[in-house]
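Peer 1: One-letter residues, chain by chain:
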Amino acid sequence: MALTELVRSRTSREAGWFLLALAVSIVAALLSPAWGHIAVLALLWATLGTAWNLMGGLTGLLSLGQAAFFGVGAYTSALLFVKLGITPWIGIFAAAAMGAVLALVIGWPTLRLSGPYFALATVAAPVILSAIAVANPDLTRGTLGVIIPFRPDPGTMVFTGQLPYVLVAAALLAAAMAIMSAASRGRWRIRLTALRDDENAARSLGIRTARVKIGVTVVSGALTGMVGAVYAQYIAFITPTSVFSLDISIDAILVAVIGGIGGVRAGVVGGFVLVGLRQLVFQQFLGDYPGLDTLIIGSVLLVLVLVLYGRNGSLLRPLRLGRPGRRRRETEEAA
Amino acid sequence: MSAILEVQGLTKRFGGLTACADISLAVAPGELVAIIGPNGAGKTTLFSCIAAEQHATSGRVLFDGTPLRRRSQAAVARMGIGRTYQIMRPFLSLTTAENVMVGPLERGRSLREARAVADAVLEDVRLTPSADLPATALSTGQRKRLELARVLAREPRLLLLDEITGGVDRKNLPDVLHAVRRARRPDRGIVMIEHNMRAVRALADRVVAIVDGRVVVEGPPEVVLEDTAVVRAYLGSSYRPRESGEGDAGA
Amino acid sequence: MTLLQIALSGLLVGGVYAIVAVGISLVFGVMRIVNFAHGDLMMWGMYLVALLFGTIGLYPYLGGLVAGILLGVVGWLLARVLLNRFMSADHSLQIVVTLAIALILQALARLVFGGDRIAVTIEPFGTSSIAIGDLRLSSVRLAAFLVAAATAVALSIYLKRTWSGRALRAVSEDPGAARALGISPERMYALALGLGTGVAGIGAAMLVTIYPVEPEIGTQFMLISFVIVVLGGLGNVVGALVAGLVVGVVEAVTGYLWGQSYAQAVVFALFLLVLVVRPKGLFRGAY
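Protein chains in written order, with our numbering: chain A, 1 to 335; chain B, 1 to 251; chain C, 1 to 287.
Just to be clear, a hint being listed does not mean it is correct.
[Unchecked claim] Cβ-Cβ distance ranges computed for the label pairs, FRET-style:
#1 A:L31 - B:I87: 55 to 61 Å
#2 B:E113 - A:R211: 43 to 49 Å
#3 C:S128 - A:R112: 37 to 43 Å
#4 A:V105 - C:R278: 16 to 22 Å
#5 C:L82 - A:Y289: 54 to 60 Å
#6 B:L173 - C:G182: 37 to 43 Å
#7 A:P290 - C:V81: 25 to 31 Å
[To be verified] Derived coverage of chain C by chain A (criterion: at least 3 residues anywhere in the stretch with Cβ under 8 Å from a Cβ of chain A; other residues may be distant):
#8 107-121
#9 214-225
#10 268-275
No lab work stands behind these hints: they were computed from the structure. Beta carbons are placed, not taken as given, at the ideal position from N, Cα and C, and that holds for glycine.
Work out the full structure, taking the sequences as your base and the hints as a guide.
Peer 2: Now the structure itself:
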């Protein structure tokens, strides 16, 4: 009896997805470097998508500029290490802080813009940051990029194999999923859903919508910054174009959409499907057909959107499954 | 006991138009005051000024003796002023009960407490059977009551109802009236903008008639609703009040 | 090269940017959708014109007509077949749909053209320039600007004088009222998208005489278009035209003074500034 309840409980299902991803990734890392590479990127992208989902799926803020946080995190960690010798183990937290600060700076003026205007504003941030990075080579090495020298040392997050990176990325994902989980239940679920459904009405009931939106953006920015930092450490070479690119911002959305938006598992599912698909196509055709992966992904996205979300649905409103009875139990279970 | 609400010489002008001209009124705790008047007479503007969402051009608004300055919607709600709007939508992704819980949760109540408050309020507005249904399942009349329930769950000291009977048909009207009656508290002031004279007669302690931005007459419902100036301006000179007070203004 | 010369050169390019941006503005005004596929559609237009020139020697000034008509039809079809379904959906859904189309278009271009950049050099013009007093204006840019200007004028006349043009404006102002007048919004959406992409096609033809084309270029021009459109006011056609000129000048001047990378940053910073301070754009009203 207890076991079935455990299996049914939402928390354990969410944990289950995470553990599945972790298991698959560990196995992949042990199999071969190629598989391990997919696993690391999949875990990182899963976190990227989950962080986007906090803003988009839960709160209704369509961000088209996650690359801004990603890039800032990557550069913060990489530069601290390469220039000041500060270990990335501290660097990723600095990256989180920078992501948070950036979120505050960008969010404060732009979050009061409505729908499409906010989306357009988010597009600008990575472009500006990239330009600043290119224009200040003394600080950032400009277009030459930053290289993390290969001197394996666990103390500086430089490893020879993939497995350690898998574990780091998985830890990050776990944090992201935990935050997402907490935000999608109880009082936060109700508060964010109200804000998302009708901001005006939410305000008239006392919800300080500006603060909530900024808060969610700050968390999302911090998480995304950390993803950027780990990515920089793993790939060991970053340039303004690679980390501030629109592609990364779009990937964040793709991961969430493919994974089903709004649910805690969306990031995991989407991340593994997107990265897996891409890497598999790339490795299969070995660059004979550049762009094929994007073609498949774009088509899948189109079909998904057409089929799943129907005519009047909103992308940012997750499909509500489950019986009303379950909802009552949720609201009655005080945490 | 001081007035919950005091409006002193409130004038609001925008762009050459005078929406409110030197309006004064007071609402004591426990009182229910109805504001009537033709469309465009400045009633909703008055509400916006009272709720501090807009600046008055001149005059003051005192809430519980404290003068109000311009505030955001959220700040106004947190101060204890609750307001319903003509165009407002329920949170469609939440259930009825969850909709009502939003307010108490923001006041710091726990999930369980908020649910208890919501249950009590839903009882008052007669929406208990729909508590765990998604808000999308509610009819217009029910949604109006849900709006009332949502704002009541915040336990406001001043309740501003903007045409709460708007769009409610005859069948559902008694439920709405019942809900408003149940909302009365000795420490709460209620002001309602109303077009439905049956509601006004049934609920109001006092009626204030506003025409062209000015208060033309003020007093008990029987007096104001028979007043010639009001009748002419508002109801049209062909209106004849019937014995049972069944007259409805406008449509 | 004096500052004035740089500015003038930027102005000429700005005229072409304006034409591209006008398409997005028009579509947003009528459909309230931000078409993320706009840039990549334009990129295909550029390839088309470049290929026509390379293979059969069709000058871009005529090739532009072909591109304009073709892209116009594609846009029209896109609306009728796909986007009209999403008209009552959330803006988020619409954005993702156009994003998906953009991805597909860009991927197809990469598959078909690889990483090849194709540049177009037009013989009588080549790199020659016309001298006006002390200033030298690149002939190619001047020609491009003139075509863009002619297109803009034609578009304005169309919107103001023809019945369908006014119907478009009606729908952009009040779709419900327009429907009550017997105007079918769905038809107008298709018309707006067709017109928007068609005009972008002409713009693409002009741009390819100035810049070489590669698959990534769509995104770049789309971003610039967003900036222009927001500056001019989403939905404001005249605003987009003027804003295009402004952006062209700002980009050229800041590029000259502080380098290319800063030019980008400044343009986008301006964009953010306008969004925050005056999201409706620098110019009042639509059209």
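Peer 1: For every hint, state whether the structure bears it out.
Peer 2: Verification of the supplied hints:
1. Remark: the range hint 55 to 61 Å for A:L31 to B:I87 is upheld by a beta-carbon distance near 59 Å.
2. A beta carbon spacing of about 23 Å between B:E113 and A:R211 contradicts the range 43 to 49 Å that was offered as a hint.
3. Under the hint 37 to 43 Å, the C-beta atoms of C:S128 and A:R112, about 51 Å apart, miss the expected range.
4. About 20 Å separates the C-beta atoms of A:V105 and C:R278, a value consistent with the hinted range of 16 to 22 Å.
5. The supplied range of 54 to 60 Å is broken by C:L82 and A:Y289, whose beta-carbon atoms lie about 25 Å from each other.
6. Separated by about 38 Å at the C-beta atoms, B:L173 and C:G182 satisfy the suggested range of 37 to 43 Å.
7. Range check, A:P290 to C:V81: about 28 Å between beta-carbon atoms, so the 25 to 31 Å window is met.
8. Counting residues of the region 107-121 of chain C whose C-beta sits closer than 8 Å to any C-beta of chain A gives 7, which meets the bar of three, so the coverage hint holds.
9. Only when three residues or more bring their CB closer than 8 Å to a CB of chain A does the claim for the region 214-225 of chain C stand; here the count is 3, and the claim holds.
10. As drawn, the region 268-275 of chain C meets chain A at 5 residues by the rule of a beta-carbon pair under 8 Å; at three or more, the given contact holds.
The structure does not agree with the numbered hints 2, 3 and 5 stated previously, though it agrees with the rest.
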